[in-house]
Amino acid sequence: MSTISLHDTHHDDHGHGHHHETFLTKYVFSQDHKMIAKQFLITGIIMAVIAMLLSILFRIQLAWPDKSFPLLETFLGKWAEGGRIKPDFFLALVTIHGTIMVFFVLTAGLSGTFSNLLIPLQVGARDMASPFMNMLSYWFFFVACVIMMGSFFIQTGPASAGWTVYPPLSAVPKAMPGSGLGMTLWLISMILFVASSLMGGINYVSTILNMRTKGMSLWKMPLTIWAFFLTAILGILSFPVLVAGVVLLIFDRSFGTSFYLSDIVFGTEILSNEGGSPILWQHLFWFLGHPEVYIVIMPAMGLSSEIIAVNSRKPIFGYHAMVYSLIGITVLSLIVWGHHMFVTGMNPFLGGVFMITTLIIAVPSAVKTFNWLATLWRGNIRFTPGMLFAIGMVSFFISGGVTGIWLGNASLDINLHDTYFVVAHFHLVMGAAAIFGMLAGVYHWFPKMFGRMMDVKLAYLHFWVTFICAYLVFFPLHFIGLDGVPRRYYAFTEFEFMDKWITVNILVTWSAIIAALAQIAFLFNFFYSIFKGKKATQNPWQANTLEWTTPVERLHGNWPGEIPTVYRWPYDYSKPGAEEDFIGQNVPFSQTMSSNLPHDFEGNEEGERIQREWEAVNKPVQE
Amino acid sequence: MAALAALFIMCSSVNAFAQDAATATTKAVDMAKVHKTTAFYVLLFLLLCLFIAIIGKALKVYELTRETQDKPEGINWNTINAVIFVLFLIVGLYGVYWEYSVHGKMILPEAASEHGKKIDEMFNVTLWVTTLVFILTHIVLFIFTYVYRYNKNRRAYYYPHNNTIERIWTIVPAIVLTYLVLMGFFTWRSIFYKAEDPKNRAISIEVTSSQFLWDIRYPGPDAVVGKRNYKLTTAINGLGIDFNDKNSIDDLLADEIVLPVNKPVRFILSSKDVIHSFYMPHFRVQLNTVPGMTSYFEFTPTITTEEMRTKTNDPKFNYILLCSKICGTNHFNMQKNVRVVSEGEYKEWLAAQHPYLTDDLRKAFNLPVSVEAAPAVKDTTATTAAKVELDVKNQLALKK
Ligand code: HEM
Ligand SMILES: [Cu+2]
Ligand SMILES: [Cu+2]
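Protein chains in written order, with numbering that gives the first Met the number 0: chain P, 0 to 622; chain E, 0 to 399.
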C-alpha cells in the first residue's frame, strides 16, 4: 500500500500548479497515459485506414484482373502502369496490408490505446509506472509506422514476401524487388516496433502489479485488466524472440552470414551460403507469430467481456472461469506455434504434438464463448454502439474459431494450408473479431477519452453495414480455399479451375468497398464528436469500474482528491435488493446492506455478523 | 443539426475538389472521361451521404417534437436493433445454407488418393461438428439478444456463475476435441509413417522447384533417382545432377507428372532458390519445398484422369500441381500438368521420355561419349517400362 501513498504525494506536487503544460508537453511529448492512449488510437486509426485502402487496391486487382483503371496509374505511377497493378506491387500491397493490420493496428492500436487508457483508470493509479517509458513507447511506434510507410517511396518498393517474410525469399534481394531496400526498412521498422511493444508491456505489467489502489486485489480486477495483463506478459515473452529472428535475418541479408540460407542457386548463380536453414526462421517467427494472434484477440476479449456485462446489466458469467481461460490461452499459446508449419517438411512427429496442443487451446476459447452467451441470458440488454460491436465480436469469434479446429488438425491442414481458407479463417477470428472488439472499446470509452459522446445513429449505421459486409467479404473465401486456391495469388486467370470464382471475387470486392465506405461514418462520427459531440456525463453507461469515478474533464493524476478504495468486484449489476442496477467498485458494503450476499464477505466474520444483525432488524420475512 | 451542417460542408468541399480534378485534366483526352466517371461516382456517394444526413435530421426532429410534447420516446432503438439481429439470424441462416449448397458444390471433387479418402472422411465429420456448433451458438446469440432486449420495467437476473454448467461446457468440447485430435493424429501418422512394402515399392519421382517452375525427374530403370549437388549447377545442368553417381546416369527428364493409378508414388521434394510449396489439391497432397532440405511425400493415386472426367462431368478436367507458398512475382502461375493413367499407358509414356544425360553433360562429367552411346541409352529407356518392377539389384547386375 505504500506505493499508493507515494503516488498521492506525487500527485500533490503536480496538482498545485508547479507543472506547466505547454502544447508540446500536453499533446506531443505527453507523459500522461490518457493522452498517450489517444495518440496510439489516432495513429492506429490512420494506419487502419491506410491498410484498408491497400486491401481495396488488391481486391480490385483480384476482382477485375483484366481491366485497366487509368486512375490507378495516376496515383501509383509505375506500380500500376497501364492502369493495372503489377504482380510485384500486388505482393507488396498484401504484405504491407497484413503487417500494418496485425502489428500497427491490432497490437499497438488496440493494446496501446486501451491498456494505456484503462490500466491506470481501472486499477486506480495516477499514471503508469513509468510515464517516460510510456511516452517513448509511443514514439518508437510512431517512427516504426513512418519507416514502414516510407518504404512506399523507394525505387524497389516495400517488402513483398508476405507478412511472415520467410527467407530465402526475403533474404536474397534478387529473389524479388521487394527484398531489396524495402525489406531492410521492414526489418528496421519491426525492431522499433518490438522495442515499443516491450516498453509498453513492461509498463502495463508493473503498473498492474504494483500500483493497484487499496482493496483492488487481483481477483477484483475487471476482465479488461486481466486481459491487458496477460497480453503484456505474452508480448514480453514472445516479442524478443522475433527480434532475435529479425537480427539474424539482417545479418544474413547484410553481413553475409548463413543462419537461414543454404544450398541456394538462382538460375546458375550459386550462393556461397552454407549450413543454415530457412525453417529456423519459421520457428522463431511463429514463436512470436502465434502468441501474436492472441496478443491481438485477448484485449478484444477483455473489452468485449466488460462491455457485454455492463450492457446486459448482468455480472459476467463465470468470472473465474473467464480469467482461468485467459491464463490457459496465454500459457498454451506459447506451445502451439508449430501448427503453422505442419507442411514445411518439419518432422511429422512434431506435427502430431503441435496438433494436440492446438486443439487443447480450443477448450478455453469455447469456455469464453459460452460464458458470453450465458451473460446475455436473462440480461436486460441495451444496444449501445459498444454493445453492438461486442456482440459482433462474439459472432466473428465463433465463426472464425470453428474453422480453427480444421486448421489445427494436421491431416486436414495438408490441403488447407496457404489457401484462401486460411485467409477466411484468420480474418474472421483475429481480423474482424479484434477490429470489432477495438471499435466496441472506442465507442464505449470515447466519453472517457474525450468527454463527449459519439452519435448513436451513425454508429448503428456503421455497425450494421460493417457487420453484414464483413461476412459477405470473408465467408465466401472459405469455399475458394476449399477448392484449392492458394493465397497470395495475383490473379485467378492462369488456372482454368479458378475461372468459376471470378464472380465471387467481384462480390467480395464490392462488399469490401461498401464496408470501407461505411468506415467514413465512423471516421466522421469520431472526429466530429471529439469537438462537437454531446457532452458526456460522468458515468454515461452506469458502469461499476473505477474509470467512471473520475471527473469528465481530463486531469493529470486522474482523481482530484484521494484515489477511491475498492470494496467489491466490478460486476455487481442488477444485484437483488439494490436500489439501482449497478453498484460501483468503490461502494462499501456498509452502504448496500439490502443487497449484500453472504458470499460477499469472503469469510470475514465481523462483516457477516453485522450483516446478520442488520437483516434481523430490517428484513422482515419476504414473500 | 450540426451533423447535417458538417456533412454539407464536407459534401460541398469534396464536390469542389472533384470538379477541380475534372476540369484540370482536359489535356489528356481519355483521362477526361475517367475523371468524369470518377466524379460521377463521388457525386453518387455524396448524394448518399446527403440522403443519410437528411434521414438523420428527420429522426432528430421527430424525437425532439416527441420530447417537447412530453410523449415517450418515439423510436425504441433497442427493439429495432434486436429485431435486426433476428432478421440477420434468419437471413444469415439462409445465406449459410445457400453458400453451402451453391459454393459448397464448387469445391474440390472427392479425393483421388488413398490417404485423401481418410482426410475427406475426417473433413466431413469436422464439417458437421463445426457447422452444428456454428449454427447453434449463433441461434442462441441472436435469440438472446432479441428476447432479453432492454425493457425498463425489468431487471436482469443476477447470476454470476454456475460451476456445474461451466464444468459441462468445458468437458463436452474437450471430449469432442479429443475425438477429433485422435482421429487426426492417427491419420497423420498413417500418412507420414509408411511401412515399406517390398512387393509394392513406391515409384520415386523427384520434383525440384525454382522461380517459377517445377523440374521433374523420373528414375531410369534402376528405379533410383541419382544424387544432386547444388554446387554442380551449370547452364546445361540446371539441377546440379551429379552424374558421377551411377544412379543418375539413366534418370529421365519429364515435362509433366504422369502417375500410374493405384501404385504408390514417392515424391522427393526440394528447391533450388526460395521456398515453394508442392500442392496437388485433388490428391490432398501438400508439402513445402525447401532449399537445403529434402522432404518426401508418399501416396497412392486412385482415380485416373479419365475416370475423374466422368465423375466430375467435365471433359476438360485435369489434375494440377500448383505452388502454394509465396515465392515471387509469378507465384500465381507456377503450374505443372498432372495425369493419372493406367499402368499400361504409364509404361508407354515413360518409355518415350528422354534421359537427362546429354552428350554435352557427358563431356562435362568425363563420361564416355560414343556415337553408339546415345542409342544405347535410348534402348535402356525403351525397355524401362518392362523393367520398372524388377528388383534394383537385378538391374544393376544386368548392366554390368
Ligand atoms: C478492409 C477489410 C479487409 C479486406 C478486404 C482484407 C482482404 C485481404 C485479402 C483478400 C487478403 C489475402 C490476399 C492474398 O492472400 O492473396 C488479405 C491478407 C491479409 N490480411 Fe486482410 N483484409 C481486410 C482486413 C484485415 C484485417 C482487419 C486484418 C487484421 C488481422 C487483416 C490481416 C491480414 C493479413 C495478416 C493478411 C496476410 C498477408 C499476407 O499474406 O502476408 N486484414 N487481406
Ligand atoms: Cu497459430
Ligand atoms: Cu509460389
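Among the hints, erroneous ones may be present.
Covered, in the sense of this in silico footprint (three residues per stretch, anywhere, with C-beta under 8 Å from a C-beta of chain E), are these stretches of chain P [claimed, not checked]:
(1) 39 to 45
(2) 126 to 132
(3) 158 to 165
(4) 195 to 208
(5) 348 to 354
(6) 359 to 373
(7) 376 to 385
Below, computed lysine-lysine pairings styled on DSS-like, alpha-carbon distance capped at 30 Å [said to hold, decoys possible]:
(8) E:K346 / E:K315
(9) P:K531 / E:K56
(10) E:K230 / P:K534
(11) P:K534 / E:K104
(12) P:K77 / P:K25
(13) E:K59 / P:K531
(14) E:K35 / P:K85
(15) P:K219 / E:K151
(16) P:K77 / E:K59
(17) P:K533 / E:K70
(18) P:K77 / P:K173
(19) E:K315 / P:K499
(20) E:K32 / P:K533
(21) E:K362 / E:K104
(22) E:K104 / P:K499
(23) E:K104 / E:K226
(24) E:K32 / P:K77
(25) P:K456 / E:K346
(26) E:K151 / P:K456
(27) P:K173 / E:K230
Stretches of chain E that chain P covers, calculated by requiring three or more beta carbons in the stretch to come under 8 Å of a beta carbon on chain P [to be verified]:
(28) 194 to 207
(29) 247 to 256
(30) 310 to 324
(31) 340 to 351
Treat the hints as calculated values from the structure; they're not laboratory data.
Remember, predicted model here, so these are calculated numbers, not experimental data.
Here a beta-carbon is modelled for each residue, glycine too, at the ideal position from N, C-alpha and C.
Do the hints match the structure? See the list:
1. 39 to 45: n = 0 at 8 Å, threshold three: violated.
2. 126 to 132: violated (count 0)
3. 158 to 165: With 3 residues in contact (Cβ-Cβ under 8 Å with chain E), the coverage given for the segment 158 to 165 of chain P holds.
4. 195 to 208: violated (count 0)
5. 348 to 354: holds (count 3)
6. 359 to 373: With 10 residues close enough to chain E, the hint holds.
7. 376 to 385: Result for this restraint: holds, n = 7.
8. E:K346 / E:K315: OK: E:K346 and E:K315 at ~23 Å, within 30 Å.
9. P:K531 / E:K56: 16 Å, holds
10. E:K230 / P:K534: Violated. E:K230 to P:K534 sits at ~73 Å, over the 30 Å cutoff.
11. P:K534 / E:K104: 54 Å, violated
12. P:K77 / P:K25: Roughly 42 Å between the alpha carbons, so the hint for P:K77 and P:K25 is violated.
13. E:K59 / P:K531: Distance of about 16 Å is within 30 Å: holds.
14. E:K35 / P:K85: 25 Å, holds
15. P:K219 / E:K151: Measuring from Cα to Cα gives roughly 29 Å; hence the hint holds.
16. P:K77 / E:K59: Between P:K77 and E:K59 the Cα gap is close to 49 Å, so the pair fails against 30 Å, i.e. violated.
17. P:K533 / E:K70: Answer holds: P:K533 to E:K70 is near 22 Å, not above 30 Å.
18. P:K77 / P:K173: 20 Å, holds
19. E:K315 / P:K499: 14 Å, holds
20. E:K32 / P:K533: Distance of about 44 Å is beyond 30 Å: violated.
21. E:K362 / E:K104: 56 Å, violated
22. E:K104 / P:K499: 11 Å, holds
23. E:K104 / E:K226: 44 Å, violated
24. E:K32 / P:K77: Given pair E:K32, P:K77 holds - Cα atoms ~21 Å apart, limit 30 Å.
25. P:K456 / E:K346: 72 Å, violated
26. E:K151 / P:K456: The given pair, whose Cα atoms are some 21 Å apart, holds under the 30 Å limit.
27. P:K173 / E:K230: Distance ~19 Å between P:K173 and E:K230 Cα, so the pair holds.
28. 194 to 207: violated (count 0)
29. 247 to 256: violated (count 0)
30. 310 to 324: This one holds; 7 residues, not fewer than the three required, reach chain P with a Cβ under 8 Å.
31. 340 to 351: violated (count 0)
Of the hints listed earlier, those the structure fails to meet are numbers 1, 2, 4, 10, 11, 12, 16, 20, 21, 23, 25, 28, 29 and 31, in rising order.
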